[in-house]
Amino acid sequence: MAERYGLVTGVDGNMVSVEFEGDIFQNEVGFILVGDQRLKSEVIRITGKSASLQVFEMTGGIGVGDKVEFSGEMLSVELGPGLLTQIYDGLQNPLPQLAAQCGFFLQRGVYLKPIPDKEWRFTPVAKKGDKVIAGSTLGTVPEGIFSHKIMVPFDLPKGNWVVESIKKEGSYNVRDEIATISDGKGGKRSLSMVFSWPIKRPITAYVERLQPREPLIIQSRPIDTFFPVAKGGTYCIPGPFGAGKTVLQHMTSRNAAVDIVIIAACGERAGEVVETLKEFPELLDPRTGRTLMERTIIVCNTSSMPVAAREASVYTGVTIAEYYRQMGLDVLLLADSTSRWAQAMREMSGRLEEIPGEEAFPAYLESVIASFYERAGLVVLQDGSQGSVTIGGTVSPAGGNFEEPVTQATLKVVGAFHGLSRERSDARKYPAIDPLESWSKYPSPINYDKVEWARDLLFRANEVSQMMKVVGEEGTSLDDYLLYLKGELLDDVYLQQNSYDEIDSACPLDRQVLVFDLLFKVLGSKFKLGSKREARSFINDLRQMFIDWNGTARDDKNFEKYEKEINHLIDEKFIEYERQVAKIVEG
Amino acid sequence: MQKVYTRIDSIAGNVITVRAEGVRNGDLAVVTSAHGESLANVIKLNHDVVSLQVFSGARGISTGDKVRFLGVPMRVSYSDDLLGRIFNGAGKPRDNGPELTENLIEIGGPSVNPAKRIIPRNMIRTGIPMIDLFNTLVESQKLPIFSVSGEPYNEVLARIAMQAEVDLIILGGMGLKYDDYLYFRDTLEESGAKNRTIFFVHTASDPTVECLLVPDISLAVAEQFALDGKKVLVLLTDMTNFADSMKEIAITMEQVPSNRGYPGDLYSSLASRYEKAVDFEGAGSVTILAATTMPGDDVTHPVPDNTGYITEGQFYLRHGRIEPFGSLSRLKQQVNSDTRDDHRALMDGMIKLYASYKEALEKKAMGFQMSEWDEKLLKYGEMFEDKMMDLSVNIPLEEALDLGWKILAACFEPRESGIRSELIQRYWPEELT
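Residue numbers (my numbering), protein chains in the order written: chain A, 370 to 956; chain B, 372 to 804.
Derived from the structure by calculation, the hints contain no laboratory data.
It should be emphasised that the depicted structure is a prediction, and the values quoted were computed from it without experimental measurement.
Be aware that a few hints might be false.
25 Å max Cα-Cα, derived DSS-like pairs, lysine-lysine [as the list claims (entries may be wrong)]:
| id | chain 1 | residue 1 | chain 2 | residue 2 |
| --- | --- | --- | --- | --- |
| 1 | B | 729 | A | 901 |
| 2 | B | 729 | A | 798 |
| 3 | B | 758 | B | 729 |
| 4 | A | 500 | A | 527 |
| 5 | A | 497 | A | 557 |
| 6 | B | 777 | B | 723 |
| 7 | B | 618 | B | 565 |
| 8 | B | 618 | B | 601 |
| 9 | B | 374 | A | 436 |
| 10 | A | 798 | A | 838 |
| 11 | B | 747 | A | 901 |
| 12 | B | 747 | A | 838 |
| 13 | B | 734 | A | 798 |
| 14 | A | 838 | B | 735 |
| 15 | A | 798 | B | 565 |
| 16 | A | 838 | B | 729 |
| 17 | A | 436 | B | 565 |
| 18 | B | 723 | A | 838 |
| 19 | A | 901 | B | 735 |
| 20 | A | 418 | B | 565 |
| 21 | B | 734 | A | 901 |
| 22 | A | 901 | B | 723 |
| 23 | B | 723 | B | 758 |
| 24 | A | 838 | B | 750 |
| 25 | B | 723 | B | 735 |
| 26 | B | 437 | B | 374 |
| 27 | A | 838 | B | 734 |
| 28 | A | 496 | A | 557 |
| 29 | A | 952 | A | 895 |
| 30 | B | 723 | B | 750 |
| 31 | B | 548 | B | 618 |
Hey, can you work out the whole structure from these sequences and the hints?
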């Protein structure tokens with residue numbers, strides 16, 4: 370190939386124009402040579418002999434005439450054992466190692482090996498002469514609590530590839546050759562435990578995709594019961610600032626019933642990442658007995674870090690997620706916040722002088738968001754096992770108004786919507802998920818009819834509450850008033866959950882079933898209540914007990930006592946089930 | 372690199388272009404015109420066409436004026452000599468003192484590696500109960516004061532500056548009214564805080580481009596002092612003027628506006644400044660308090676909206692008081708568990724009761740019947756506003772907590788307070804009568 374290089378002809382913000390020689394391709398990674406620094410950038414437009422590159426670093430000091438080298442690769446991540454517990458920036462630069470080398474500040478142009486040079490205990494699975502295709506398992510290494518599969522790189526072309534040689538059980542450096550394969554037509558490849566994969570291309574080395582049905586329990590009552598998420602599904606959390614998006618994501622990253630959590634902190638506060646960073650190594654995961662950090666990977670490109678790398682960070686996250694999915698694991702990717710990534714796109718689009726769409730977002734915003742969320746999924750792998758990637762993204766709509774392009778584009782492609790409302794967060798009702806606006810297309814792990822009926826009650830109670838604002842308590846009938854109180858009760862003791870309370874912050878599914886069933890009895894029954902005062906006092910007593918119950922550990926001696934007391938209180942006033950409810954209860 | 376260019380191609384707004392070679396993005400230049408010299412910096416390169424924003428404005432610049440590139444980016448002198456001094460946005464003295472040219476540091480430097488940050492742990496005491504008790508300010512926090520024109524946000528900033536237990540105060544004024552500038556200067560002088568204060572002031576009549584430089588220059592200096600072990604408090608007022616200056620330059624540069632004319636990178640630009648707030652392990656810290664006026668008292672306006680997504684909470688200043696609703700310090704949880712054991716409970720309890728007071732007030736306004744409980748709430752609300760919320764109240768946290776209990780005792784029975792019995796036994800004041 371002829372020599373390929375370019376010369377800078379212009380700089381505008383984080384976009385650099387380059388005149389190039391030879392052939393280059395779209396999304397190829399180039400390095401701009403400034404002094405002794407090499408600044409990573411990506412080709413985003415080619416016109417004739419001129420190309421536009423987005424630079425993943427600050428562009429101060431770049432001058433016209435600076436040389437650009439092209440790498441011949443698209444923006445890629447390194448995949449292999451050693452990814453878990455790592456903290457990366459958007460370009461998979463390990464931040465702690467960077468800190469050790471450069472100190473307090475992020476020095477530009479320094480790119481370290483994402484996967485540490487380390488020995489791993491390799492156990493071969495494939496044998497000499499085995500036929501392999503992209504994604505076949507060659508062997509395993511133990512990575513923390515998982516058996517990490519060493520796979521044939523996903524970019525292996527189709528053909529009759531067979532294993533020519535494979536290393537015996539033993540410890541090898543991650544970059545040592547562990548196997549060679551050939552296709553009998555002269556094609557031969559030497560494989561190590563790591564390989565790279567371009568982040569913008571989904572990994573498709575699986576047999577088929579399945580419909581996500583199985584609920585992914587995240588131990589949040591409103592979500593698991595009313596607006597569930599499925600393994601392999603997608604959901605989004607839009608909300609104004611201060612509504613608790615990040616706290617919700619944080620709780621999810623701690624409590625979700627998945628094997629691996631990948632946190633992509635994209636353009637948000639650095640302080641919040643630090644909390645995760647410092648807390649997770651201390652917190653134990655009750656499911657495994659190991660620290661939470663051992664199942665976590667953090668990809669963080671916080672708001673003050675270069676904008677172009679923000680877009681890369683969500684793709685880096687999802688690519689690593691897909692990689693672990695290929696091992697038959699359930700992976701959850703939490704992206705906070707996708708709006709920042711969309712804004713990064715908007716910035717680039719502006720500099721490219723593309724015709725702007727709504728609110729100056731580029732016209733391709735929707736398709737880009739859609740193809741990102743489409744990378745979630747439940748798949749059947751070659752060995753018949755299943756793996757999944759679930760994606761949960763927060764959205765930060767301007768002014769808290771959901772009628773904006775990013776929220777709307779996201780709503781079209783996700784399976785569940787957890788809308789946070791300013792009204793609820795102002796009233797300190799956390800999590801501030803609006804029960805009237807939110808929805809989920811995934812099946813709830815709790816009885817469908819009961820959940821639907823309870824949700825309907827919320828709507829009816831809300832109507833009464835609106836009416837009461839006009840006619841006052843005086844003008845409301847006792848029945849309506851009780852309905853209103855029931856709605857409040859459901860909200861106070863079930864939809865709200867105290868994330869700072871040790872017990873209440875995580876509510877396991879069996880506990881949700883227990884609490885919900887009892888609560889359902891209250892919601893669906895007629896009671897002997899003579900006056901509004903009596904009704905309020907009855908519901909208040911129940912509320913207090915439910916709240917105490919929620920805050921009591923399962924193995925606490927008071928747990929059953931509270932349950933009995935609540936039952937007792939209900940039975941004292943109970944007349945009968947409402948007609949519809951009776952049908953549901955009888956099945 | 373000292374070649375002088377004598378042909379200015381275009382002049383639009385405060386941006387000029389010249390044809391030059393060997394220039395680097397961000398480099399500084401000196402523009403010499405009939406009205407004197409001004410600094411300018413490179414904001415765009417396109418082949419040999421170099422766009423520069425002129426700090427003192429392009430007014431009166433002639434096409435034949437001289438442009439000399441310095442081959443270095445914008446820098447500021449850093450030493451203890453800065454203390455007590457007053458500069459403009461370009462770092463030039465405006466107090467008749469000597470110009471400082473030694474030990475220059477770059478402004479707008481790289482951001483801190485998240486892996487090197489630590490969880491904030493020290494409270495900053497301000498003597499304002501609405502802050503100390505209800506939304507504690509924490510070292511290394513970034514917090515805006517959302518307000519509207521006419522509210523005393525500068526007075527609040529000045530008060531915090533005088534009382535806060537920090538080593539150093541840096542005041543970055545943007546589009547400051549001259550009166551307000553004098554107010555800051557005189558107030559800090561009188562209180563004796565001036566010799567630990569550095570001013571970077573852009574007044575409303577100064578050139579726009581200098582306004583843009585104020586946060587960067589203030590924060591670059593703050594960062595250096597923090598690295599040298601100082602606790603620095605940076606006050607920025609008013610960030611909306613900063614955003615408006617950005618808008619002006621962006622429009623001049625014919626960038627596609629995103630929302631109400633603001634450039635698409637408004638969020639990133641604000642974030643890269645606010646994120647300079649940091650607590651360095653083994654060194655000092657930078658805390659940022661920034662006044663942000665909300666045009667039309669609209670929190671969904673792009674400037675306060677984007678700010679809210681970046682900062683760690685916000686204070687709403689309305690009717691001369693810091694509002695308990697909406698105001699939030701996201702970091703208070705980190706510190707308010709180690710102040711006094713009644714702090715959290717009192718904070719939550721009092722706010723919940725205040726919320727009930729607001730409901731009672733609404734009920735009253737609608738003409739519904741007032742119950743005995745409502746009457747108690749009304750009494751409580753009034754006392755709370757007078758004795759806690761009023762900005763003239765200036766007491767340490769411990770006194771504020773005691774005062775809180777007194778107010779509760781004056782209005783309610785212990786069991787009505789909604790506070791844990793164990794705390795009530797210890798803190799509920801004996802009969803006052």
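Against the structure, the hints come out as follows:
Our distance criterion of 25 Å between C-alpha atoms is met by residue 729/B and residue 901/A, whose separation comes to about 23 Å. At most 25 Å may separate the alpha-carbon atoms for a hinted pair to count; residue 729/B and residue 798/A meet this at roughly 17 Å. At roughly 17 Å between alpha-carbon atoms, residue 758/B and residue 729/B fall within 25 Å of each other, so this suggested pair holds. A threshold of 25 Å between alpha carbons decides the hint, and for residue 500/A with residue 527/A the separation of about 12 Å falls inside it, so the pair holds.
Pair hint residue 497/A plus residue 557/A holds up; C-alpha atoms about 14 Å apart against a cutoff of 25 Å. Simply put, residue 777/B and residue 723/B have alpha-carbon atoms about 17 Å apart, close enough for the 25 Å limit, and the pair holds. Note on residue 618/B and residue 565/B: the hinted pairing is violated, with a Cα-Cα distance of about 33 Å set against a maximum of 25 Å. Our distance criterion of 25 Å between C-alpha atoms is broken by residue 618/B and residue 601/B, whose separation comes to about 34 Å.
Using a Cα cut-off of 25 Å, the hinted pair residue 374/B and residue 436/A holds, with the two alpha carbons roughly 23 Å apart. With a C-alpha separation of about 20 Å, the suggested pairing of residue 798/A with residue 838/A holds against the 25 Å cut-off. Of the supplied pair hints, the one linking residue 747/B and residue 901/A holds, its CA atoms being roughly 22 Å apart against a limit of 25 Å. Distance restraint check for residue 747/B and residue 838/A: the Cα-Cα separation of roughly 22 Å lies within the 25 Å cut-off, and the hinted pair is therefore satisfied.
Distance restraint check for residue 734/B and residue 798/A: the Cα-Cα separation of roughly 22 Å lies within the 25 Å cut-off, and the hinted pair is therefore satisfied. About 13 Å separates the Cα atoms of residue 838/A and residue 735/B, which keeps this hinted pair within 25 Å; it holds. Distance restraint check for residue 798/A and residue 565/B: the Cα-Cα separation of roughly 44 Å exceeds the 25 Å cut-off, and the hinted pair is therefore not satisfied. Pair hint residue 838/A plus residue 729/B holds up; C-alpha atoms about 15 Å apart against a cutoff of 25 Å.
Restraint check for residue 436/A and residue 565/B: not satisfied, since their Cα atoms lie roughly 49 Å apart, outside the 25 Å limit. Distance hint between residue 723/B and residue 838/A is fulfilled; the C-alpha atoms sit about 20 Å from each other, no more than 25 Å. For the hint pairing residue 901/A with residue 735/B, the CA-to-CA distance comes to about 20 Å; that is within 25 Å, so the pair holds. Taking the CA atoms of residue 418/A and residue 565/B, the gap is near 58 Å; set against the 25 Å cutoff, the hint is violated.
About 18 Å separates the Cα atoms of residue 734/B and residue 901/A, which keeps this hinted pair within 25 Å; it holds. With a C-alpha separation of about 23 Å, the suggested pair residue 901/A and residue 723/B falls inside the 25 Å cut-off, and the hint holds. As the CA atoms of residue 723/B and residue 758/B are separated by approximately 17 Å, the hinted pair is consistent with the 25 Å bound. Pair hint residue 838/A plus residue 750/B holds up; C-alpha atoms about 23 Å apart against a cutoff of 25 Å.
For the proposed pair residue 723/B and residue 735/B, the alpha carbon gap of about 18 Å is at most 25 Å, so the pair holds. Distance hint between residue 437/B and residue 374/B is fulfilled; the C-alpha atoms sit about 10 Å from each other, no more than 25 Å. With a C-alpha separation of about 9 Å, the suggested pair residue 838/A and residue 734/B falls inside the 25 Å cut-off, and the hint holds. Taken as a hint, the residue 496/A and residue 557/A pair is honoured in the structure, with Cα atoms around 17 Å apart against an allowance of 25 Å.
With a CA separation close to 15 Å, the supplied pair residue 952/A and residue 895/A stays within the 25 Å bound. The suggested pairing of residue 723/B with residue 750/B holds, with an alpha-carbon distance near 15 Å, which does not exceed 25 Å. Taking the CA atoms of residue 548/B and residue 618/B, the gap is near 20 Å; set against the 25 Å cutoff, the hint holds.
Going down the numbered hints, you'll see the structure goes against 7, 8, 15, 17, 20, while the others check out.
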